[in-house]
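Peer 1: Below, each chain spelled out in residue letters.
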Amino acid sequence: MGLIECKEVCKSFGEKVALDHVSIDIPEGRIFGLLGPNGAGKTTLIRIINRITIPNSGEVLFKGVPITQRDVEKIGYMPEERGLYRKMKVGEQAMYLAQLKGMSARDARTGLKEWFVRFGIQDWWDKKVEELSKGMAQKLQFITTVVHKPSLLILDEPFSGFDPVNADIIRKEILRLRDEGATIVLSTHNMESVEELCDEIALINKSRLVITGGVEHIRREYGNNNVELVYTDADGRHTEVLPREVDGNSTLEAYIAKGVTINSYKELMPRMNDIFIKLVTGEDAK
Amino acid sequence: MNLKTIGIIIRREYLNKVKKKSFLITTFLVPILVAGLTIGGMAVMMTTKEKTKTIAVVDRSGIVLPYLEDTETIKYVDCSGQEADSIKLRLSNLGYDGLLSIPALDTVAKTVNPDLFSTKPLGMDLTSNINNRLDKAVEDYRIASYDIEGLDEIMKAVKSDVKLHSYTVDESGKEKISEAGVYSIISMVLGIIIFMFVTMFGSMVMSAVIEEKQSRVVEVLVSSVKSTELMFGKIIGIALVALTQFLLWILLSGVIIGVAGGIMKDKLIEQADPAELAQSLGVSPDQLDTVDFTQLAGTDNDMAMALDMFHSIPIGKIIIIFLVFFLFGYLLYASLFAAIGSAVENAEDTQQLQIPLTVPLMLGYIIALYAFKAPDSSIAFWASMFPFTSPIVMIARLPFGVPGWEIAVSLGLLILTFVVCAWASAKIYKVGILMFGKKSSWKDLWKWLKQN
Numbered sequence: 012m013g014l015i016e017c018k019e020v021c022k023s024f025g026e027k028v029a030l031d032h033v034s035i036d037i038p039e040g041r042i043f044g045l046l047g048p049n050g051a052g053k054t055t056l057i058r059i060i061n062r063i064t065i066p067n068s069g070e071v072l073f074k075g076v077p078i079t080q081r082d083v084e085k086i087g088y089m090p091e092e093r094g095l096y097r098k099m100k101v102g103e104q105a106m107y108l109a110q111l112k113g114m115s116a117r118d119a120r121t122g123l124k125e126w127f128v129r130f131g132i133q134d135w136w137d138k139k140v141e142e143l144s145k146g147m148a149q150k151l152q153f154i155t156t157v158v159h160k161p162s163l164l165i166l167d168e169p170f171s172g173f174d175p176v177n178a179d180i181i182r183k184e185i186l187r188l189r190d191e192g193a194t195i196v197l198s199t200h201n202m203e204s205v206e207e208l209c210d211e212i213a214l215i216n217k218s219r220l221v222i223t224g225g226v227e228h229i230r231r232e233y234g235n236n237n238v239e240l241v242y243t244d245a246d247g248r249h250t251e252v253l254p255r256e257v258d259g260n261s262t263l264e265a266y267i268a269k270g271v272t273i274n275s276y277k278e279l280m281p282r283m284n285d286i287f288i289k290l291v292t293g294e295d296a297k
Numbered sequence: 002m003n004l005k006t007i008g009i010i011i012r013r014e015y016l017n018k019v020k021k022k023s024f025l026i027t028t029f030l031v032p033i034l035v036a037g038l039t040i041g042g043m044a045v046m047m048t049t050k051e052k053t054k055t056i057a058v059v060d061r062s063g064i065v066l067p068y069l070e071d072t073e074t075i076k077y078v079d080c081s082g083q084e085a086d087s088i089k090l091r092l093s094n095l096g097y098d099g100l101l102s103i104p105a106l107d108t109v110a111k112t113v114n115p116d117l118f119s120t121k122p123l124g125m126d127l128t129s130n131i132n133n134r135l136d137k138a139v140e141d142y143r144i145a146s147y148d149i150e151g152l153d154e155i156m157k158a159v160k161s162d163v164k165l166h167s168y169t170v171d172e173s174g175k176e177k178i179s180e181a182g183v184y185s186i187i188s189m190v191l192g193i194i195i196f197m198f199v200t201m202f203g204s205m206v207m208s209a210v211i212e213e214k215q216s217r218v219v220e221v222l223v224s225s226v227k228s229t230e231l232m233f234g235k236i237i238g239i240a241l242v243a244l245t246q247f248l249l250w251i252l253l254s255g256v257i258i259g260v261a262g263g264i265m266k267d268k269l270i271e272q273a274d275p276a277e278l279a280q281s282l283g284v285s286p287d288q289l290d291t292v293d294f295t296q297l298a299g300t301d302n303d304m305a306m307a308l309d310m311f312h313s314i315p316i317g318k319i320i321i322i323f324l325v326f327f328l329f330g331y332l333l334y335a336s337l338f339a340a341i342g343s344a345v346e347n348a349e350d351t352q353q354l355q356i357p358l359t360v361p362l363m364l365g366y367i368i369a370l371y372a373f374k375a376p377d378s379s380i381a382f383w384a385s386m387f388p389f390t391s392p393i394v395m396i397a398r399l400p401f402g403v404p405g406w407e408i409a410v411s412l413g414l415l416i417l418t419f420v421v422c423a424w425a426s427a428k429i430y431k432v433g434i435l436m437f438g439k440k441s442s443w444k445d446l447w448k449w450l451k452q453n
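Taken in sequence, the protein lines are chains A and B. In case it helps, our numbering puts the first sequence at residues 12 to 297. In case it helps, our numbering puts the second sequence at residues 2 to 453.
Next up, chain B with everything else stripped away, as it sits in the complex (with noise of 0.2 Å):
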């Protein structure tokens, strides 16, 4: 292998891809985007407040209004001397938000069965909430039915409040607060992360190598340069291009999120009312300019717990092995999509080709995304062991926790089998480039294969 020809053929494959309208968008389209989902999410969660809605109650049982008090959303009105039915017909003249119309006691089942009329949609927080309270009372009335003396009292005893700690044990002993949320998410994400490179990147090789067979400039190319140089060459400038985008993509959402805390951050200090703020942090109204707002967090518990967790996360450990493990799934897949690239003169007829790799990189996602729930399951470490789908199990397993020794073998694996695959696909990449007015099978790579 020439070096020079391949640093030759890197730098065109990667600045035609990085210089292509499509690369830019996708990279400064993509991080606005979860950004702005981001953002937006918090903005409206924390800015929106439900309006109060007035719901009129007419209640027939007389065990259910008791139990209905107002909340901070939910206003009660008491019409049950009033028929539900023309109440009913007149909800927004009458300026209620909906009628809630309780029937008479079903004495034999012991419930009652409430209908709920709104003219518009009420939302899942409000009838949640009026269902708990019909439960409730529903409840007090069913255990007052069995007249056991006390049995108020002990219901109120037996009734459970257990809140789950988790933490993780290392050697020494000493504790950290583990939260299966946090982990599952970003095993999740990194799963997803790594299926979507290898897929896109290794389609991109694929379709590097049609464009150049379509066009026929191929024959031109392995007159200058040997065609495991192209191909290597090739594979290698677009992994580039791939960690560029991802570079770009962790800078960027990272400006993003913090230009925009920024403005929110301003934002959030004009609406908030200052001698309010100010008395919540313990500082002077005049004093609230200098506030450091990061602060913030730590005041806020569930806050610091999150943030807790990340740190006991070893966020450089993963990072490195999951550049690792994407880039020999990478080279693996890519070197296989690349021989099926040189076998076909347009894209449409790779669809049947591309079968026995689009499988295990699917099956690899699905496992991944159970892999969260159960990463020591077996079938999630076998997945992790297996070439095909370990890139994306592993990584999907890695925040949990996996032994120095599986990744090694799991590493070493995928090394093994990218080294063979590469070289079978260069063997067949070599013939089939220069075939031309065939369709071909996988019956003909194999051919290909042991032709040479």
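Here chain A stands alone, though its shape is the one from the complex (with noise of 0.2 Å):
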């Protein structure tokens, strides 16, 4: 049982269908990718989830209870489109924000220094939001998510904005959160982040849900996976890229016979990036 089950998902605004049928898994504890292309309708997905959007039948449950309003403040949200009170000091915004998660005046201090000290920004407390740079004020978004200590964690894009520097720190931060037991759903573009930090994805195109499992899984089960053969003779290096369907022990065996070094053999992984293309124009990559 997962921490958020959604089952027989629909939802239409008018005429157009923005999902169909959807039904995912989110197990609790893990990194948990969602893609598909623009208008897909993961956001859609997402917003249900959080309860900001009804659907029109389906459900969804939270620890295998159909989630409830009281049950959003478990929930921290940074969404694609986001922004702050570019007038508001950053500290009252951050104490605003993590009040309505249902945290005491006290408790939202106390945890805001923690994460401000974290980031090295204690400084910023009592500056405007309009005076800080993108990527600062992206910080301090990601602080006002967090704070609360969610369990289920849902980023939008969390990289966006952000220099490599700082995605690092982010990157480093989501995989923490996950150690310390939270559940973290990641709406991405970005498919190394995927291949990296993913442990389940789900993958929705037109409104409908095309594939969920394992990353390790489906990065086997889909696209053309072959084997990468290195081996050295009389002229040199070689690369030799072949089918997987053929038998390993017999191919080395025979490269062995002629008398060559064999440097590596392994399973070439198919790049996530591959896959989403694949399953979505229904085409190879490459």
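Hints in this document: simulated from the structure, not taken from any laboratory. One should not assume that every hint holds.
Stated by the list, open to error - As a list, the in silico DSSO-like pairs of lysine-lysine whose alpha-carbon atoms are at most 27 Å apart:
hint, chain 1, residue 1, chain 2, residue 2
1, A, Lys145, B, Lys439
2, B, Lys318, B, Lys374
3, A, Lys100, B, Lys227
Two independent chains are provided; combine them into the complex using the hints.
Peer 2: Dropping the structure here:
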């Protein structure tokens, strides 16, 4: 049983169908990638989990029971279209958002100070938000999303707006939060970070769920998996890509018999990027 | 609805607005301005006495001169022997402020064609004074020309001198002095205040909604609280801002007028001749300091009547009804303004969407200005029942006395309309705040309303 289970969720806006019987299971304590091209229905699904939007049919279970408004306090959401009150002071703003998530003023202050110290931004407290650079504002936004220790963290394109150094800081924080037990839903177009961070994914295309499951499993299952053989003979070093279907042992024996030195023999995992394109367009990326 | 969350939203909205410079400026500047204008005007009226003007008169008709009596501010000098043109050119050299030149009598039309020349404009009082005297001279000349015996006496007897005293009578038969003028002023002021407040704070709600949408903080907010909580938190927070401002205005105006009044009183004593003042108050000069100057008002008959009239107006009742109508009028318009704000991404796009709201507001304002002339006319009556104009018009009618059932019906309709509009606005708002990238029209708003 996952922390969040979506069961046959449907949502349409007028004529337009945004989600068509989507069922996904987000396991507890994992990083779950929510993938799909623009307009596929990811944001709608996230908003339904957040109770911003109410589905036409189907249901969302939180720890096995239908989700309620109170459970929203246990969710931290950083939307793709995010922002802060520009004229408000950093500290006041963070306190406000934390209190809206049900924290007491005292807990909010302690929690925020901790995070401010962790990110080395203690002296921002009395600055106005409009004085912050985009990257600084993103850091503050991340803090306001996680300060109430949510058991579910939904991050929509969390790395956009960050330079590589800060993106790495956020990446490490996400992993740390996962290790501390939080469940994280990551919606992103950055397939490298999916490969690196996600344990499981769901791919939505044209309002429907295309595939869901473990990243390793999907990478093996989909795409034209090949093996790569590197060997050295009298002419020097060679790399050969062979179809996986061939029997590894006999291939190697054949090469060894030729008197070459085997350097490496490994399975080539398809990149998530290629799987994404293949599943969405129905064509091979290469 | 979660009251705790709404409380947090109200608090932020309220503090955020109250701490703004623009709020502080309007709150403190407006009463100072109003008080300044009032006191300044009074001070000017009390202290400035028109300098005496000397007018040279060349009367060729021979009928006007006897009517030109000197007053405190005008002195007439008979220069009939001289040439008008030569005086005209040397007015200031001769020490005259003006020249009244009256050519020979027009015996056919039985009138004169006078001209008044001056180097500087002479002011309304003076010209109307001269005009009155000329009229009188010509009138008398015409009467005399009929050659009817005793006509002078007849005309004097005919001349009417009626002063209308108006009273309102309540059921016990008690008479109260009533004066339409005082009611009109109160009615107009109340109408303007309620129009101003509803417009000002209604659009403040709208800009607050737009701000959240524009800065994209709104999606973060609605992931924590329900959109209805957010909307009503905002509306209530700004209502409290309005009440705070209103209260501060009343307090500050009172303080300023009190303080300034005190200063003026001292000034008056300084300037006045103690002996004369003491005589007029019936005390000896050394007792002056002990005189309570508020009693002075009582000695002045007009002032006493005005005060009496104010007492005859049920101020407490008016304030309560004013607050109730203001509150629901504001709530009605603020919820609609919130719905409009949710549909746009920047303030410039609101122009067109706002029209259905600003038109009834303006209409209410115009009818309210009319209502103080004819508080019981049918247009004023119906406008004070129609919920989109009733807050303004009913308040404007109030000082003239409105039957209780009319107030009850009007208020009932207003509250009912508010409930319906707030429900619809909340639905529109919910969809609107998450709509980006497209300019919305009333058609879209209608679609959103039906959508969920």
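Peer 1: Could you tell me which of the hints above the structure violates, numbers in ascending order?
Peer 2: none
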